[in-house]
Amino acid sequence: MAGKKGLKTIFLISLLILTEMPSPLDLLSLIYPGPREAVEEAQRDGALRALHTRAGPDNPGAFALIDRPDFVVSYLSFATDLRDDFIPLILDGLQPYIIPGQAREVCCNVNGRNPRAIHLVQSLGFRLDMHGAKLAYRGPRLPMPYDPAWRPAGYRPGTAPAFAALLDRAYQPILQAIGGEQKPHTRDLAGFTRDLETLESSGGVYAFWIGERLAAACLVRGDYIRDLAVDPACQNQGLGSAVLAAVVNDRLAHGASEVRLDVALANRGAQRFYARHG
Numbered sequence: 112m113a114g115k116k117g118l119k120t121i122f123l124i125s126l127l128i129l130t131e132m133p134s135p136l137d138l139l140s141l142i143y144p145g146p147r148e149a150v151e152e153a154q155r156d157g158a159l160r161a162l163h164t165r166a167g168p169d170n171p172g173a174f175a176l177i178d179r180p181d182f183v184v185s186y187l188s189f190a191t192d193l194r195d196d197f198i199p200l201i202l203d204g205l206q207p208y209i210i211p212g213q214a215r216e217v218c219c220n221v222n223g224r225n226p227r228a229i230h231l232v233q234s235l236g237f238r239l240d241m242h243g244a245k246l247a248y249r250g251p252r253l254p255m256p257y258d259p260a261w262r263p264a265g266y267r268p269g270t271a272p273a274f275a276a277l278l279d280r281a282y283q284p285i286l287q288a289i290g291g292e293q294k295p296h297t298r299d300l301a302g303f304t305r306d307l308e309t310l311e312s313s314g315g316v317y318a319f320w321i322g323e324r325l326a327a328a329c330l331v332r333g334d335y336i337r338d339l340a341v342d343p344a345c346q347n348q349g350l351g352s353a354v355l356a357a358v359v360n361d362r363l364a365h366g367a368s369e370v371r372l373d374v375a376l377a378n379r380g381a382q383r384f385y386a387r388h389g
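In terms of my numbering, the sequence shown is residues 112 to 389.
Bear in mind the hints are in silico, worked out from the structure with no lab data behind them.
Being a predicted model, the structure only gives us computed values, none of them experimental.
Wrong hints could be hidden among the right ones.
[To be verified] Keeping only pairs whose Cα atoms sit at most 16 Å apart, straight-line, the calculated EDC-like set for lysine to aspartate or glutamate is:
| id | residue 1 | residue 2 |
| --- | --- | --- |
| 1 | 294 | 361 |
| 2 | 294 | 258 |
| 3 | 294 | 279 |
[What the hints assert, rightly or not] Now the in silico label distances, taken between C-beta atoms and shown as ranges:
| id | residue 1 | residue 2 | range |
| --- | --- | --- | --- |
| 4 | 283 | 322 | 21 to 31 Å |
| 5 | 166 | 207 | 25 to 35 Å |
| 6 | 155 | 181 | 36 to 46 Å |
| 7 | 206 | 347 | 42 to 52 Å |
| 8 | 210 | 352 | 44 to 54 Å |
| 9 | 206 | 264 | 24 to 34 Å |
| 10 | 200 | 344 | 42 to 52 Å |
| 11 | 265 | 236 | 41 to 51 Å |
| 12 | 360 | 198 | 19 to 29 Å |
| 13 | 366 | 259 | 38 to 48 Å |
| 14 | 364 | 293 | 14 to 24 Å |
| 15 | 200 | 283 | 34 to 44 Å |
| 16 | 297 | 365 | 55 to 65 Å |
Every residue, glycine too, gets a C-beta built ideally from N, C-alpha and C.
Construct the complete structure from the given sequences, taking the supplied hints into account.
Written out as structure tokens, the structure reads:
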């Protein structure tokens, strides 16, 4: 998530449990979907500055650091909690970027079930940005609300501005609360358009239109619901339930064993829904 430039560090905590012994890089998926792919891409294009892993049954872990022209991002995750032998590696990796006048955003993404790791990065000056949970739906197909005025569709060329505006409105309260950059999807419309095209190619864009208005949208990567937003003017009509049901039912029909969703820890309603079916 983008923020103001300078020494503005972001600290993300998320909760997820893997049921099998993961590889060190798989542990990064305990943070949120995508870090493993980001690390592999950084390896290919030379942006990976550090990658330390420990395998085996005794508290495997991984620390990765990616240096891009406009941001620095690191990932830190352990099966149990921070390993002492990782502390100097983490400090050596992060401290060069925590300097006065730092013009780039520096992010440290940490497995939320690693309290010692959380304490370490907070001691370096990282502040909490988002405290959330990764929840899994493993229940049956969902009932599908229906209204003849709702027109289901994915992404189509020329509709990226509508998707960007909808998501920007959805994220506006969070970004305002943490001092983040406003309208990030609209500001980087070209990049967001490419993202939509990639997601659409794998069937990852779900949306409902009412006339010419994009009323609700959901972006899915793999089995993870990445974004779900409903236009404020169209809320309380069942559209959120409709787009969620469309995603869950479609993914289950294509063989997914579960569908995962990011929610804020304050979103008790979503947590109760996933607890019933998780």
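Here is how each hint holds up against the structure:
no., hint, in the structure
1, 294 with 361, "30 Å, violated"
2, 294 with 258, "30 Å, violated"
3, 294 with 279, "5 Å, holds"
4, 283 with 322: 21 to 31 Å, "23 Å, holds"
5, 166 with 207: 25 to 35 Å, "27 Å, holds"
6, 155 with 181: 36 to 46 Å, "19 Å, violated"
7, 206 with 347: 42 to 52 Å, "49 Å, holds"
8, 210 with 352: 44 to 54 Å, "48 Å, holds"
9, 206 with 264: 24 to 34 Å, "48 Å, violated"
10, 200 with 344: 42 to 52 Å, "50 Å, holds"
11, 265 with 236: 41 to 51 Å, "42 Å, holds"
12, 360 with 198: 19 to 29 Å, "46 Å, violated"
13, 366 with 259: 38 to 48 Å, "31 Å, violated"
14, 364 with 293: 14 to 24 Å, "38 Å, violated"
15, 200 with 283: 34 to 44 Å, "38 Å, holds"
16, 297 with 365: 55 to 65 Å, "31 Å, violated"
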